[in-house]
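Asker: One letter stands for each residue in the lines below.
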Amino acid sequence: MPEAFEPKIVAFFCNWCTYLAADLAGTSRIKYAPNTRIVRVMCSGRVDPQFVLEAFAKGADGVLIGGCHPGDCHYQEGNYKALRRYELLRRLLNQLGIEDARFRLEWISAAEGDRVRVVVDDMVEKLRALGPRTPAYRREVA
Amino acid sequence: MKPKIAFYWCASCGGCEEAVVDLDEALLDVADAVEIVFWPVALDFKVKDLAAMPPGSILASFINGAIRNSEQREMVRLLRARSQVVVAFGICAQLGGIPGLANLSDAKGIFAEVYRDGVTPQTLYRENGHTLTLPEFFDTVAALDEVIDVDYYVPGCPPTPNLIRDAVSTLLGAELPPKGAVLAPDKALCEQCPRKDTRPEKLLLKEFKRVHQIVPDLQTCLLAQGLVCLGAATRAGCDARCIRGNMPCTGCFGPTSRVRDFGAKALSAVASVVDCNEQSVIAQIMDTLPDPVGTFYRYSLPSSLLGRRRME
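Chains as they are written, first to last, in my numbering: chain A, 1 to 142; chain B, 1 to 312.
Treat the hints loosely; a few may be bogus.
To be verified - Examples of chain A residues lying across from chain B (beta carbon under 10 Å, computed):
1. E3
2. P34
3. R37
4. V39
5. L53
6. Y86
7. E87
These are calculated hints, taken from the structure and not from any lab test.
Every residue gets a Cβ at the ideal spot worked out from N, C-alpha and C, and that includes glycine.
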């Protein structure tokens, strides 16, 4: 029996909302899938599209960005910037063969510890169904 | 003895070779200062002439075009062995260029599209005891530095005459720039743009337009007029030629030294001018950009972080 596929998710959580929600999930002893590697950033608007591409290039099966709800950004507009980039980057990733389920943007406030569980568990389930992302392609020149 | 120079082309359109000829009279000065020992497009040298030269006997090889088959790989390896300095000349050699958009497909897909149900090229064919060979056509197009060590880069589609002149005199000069240098200014094109004063402090757009949809005003910032102009993410050095021709920048000079992935930065710059906070409306606005990869990775897909479309 081959081992079950465990997707790796790189999660960029904003310092003011989603990271605190993940913290709350921990202190509340909420159980969720252990597949995320959380990177704390000051704001979802800090997530440069290069971070997302690099995560995928280095073998992530999915990338999750978590920010404050619209109107609640600690920096007023950062999450809107993230949203605009996300909509365009999602389209670009589709063209490169990376499906929508692998790249997700979620608004999770500091009070929504359980929402972290729901989102991560759901994403893991969908990634499992999709299977591993990169069958290594042949780079003939290397 | 004059320093020896070689030119070679790989997967490219010939525009970079034209750019060398476009030096006009300056080409005669270059030809006076150096001895051209290999230049298949213009002069009659054979591969065996090149192979017979001692290692390091060529001062500089200017190689344009991306690497997409085994013949190109063999030739650039040979040139590397014979040269003290290798210059990736033009954006195809530097970042993969337009041929690099083939990385949205693969060898099988491209042959199926081009030859349909006809005879497809074979790398090996035997008939009546004779053997014919063709170079292997790769699935993935590569920039030059993925195949051989590259010392300098001259960006552009093609490089402009000023840039070429400066590059040649730099290489003939006493002091060489640090290895890996891109021989063009390390700042964004917007800084050199003749329309930069018309760019609003806070640029906000509700839709994007394509070049065939409007006749842009001759003085105003093209991005402010709704055209996707990538000057903010693109390296300067072209004297804003496209903008002077009333066409938006498509990014052929690649990124500045502080950016790893050109497309990601260009995408970020364009997404940031969208004037809307509503997800469904943002999605509609982004739909007016029909081909993100072709727009943002037009010259740089092979050297991007992902490099190509995922292969099935």
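Asker: Work down the list of hints and note, for each, if the structure agrees.
Answerer: Right, here's what the structure says about each hint:
no. : hint : verdict
1   : E3   : violated, 23 Å
2   : P34  : violated, 26 Å
3   : R37  : violated, 18 Å
4   : V39  : violated, 16 Å
5   : L53  : holds, 4 Å
6   : Y86  : holds, 8 Å
7   : E87  : holds, 5 Å
Checked against the numbered hints given earlier, this structure breaks hints 1, 2, 3, 4; the rest are met.
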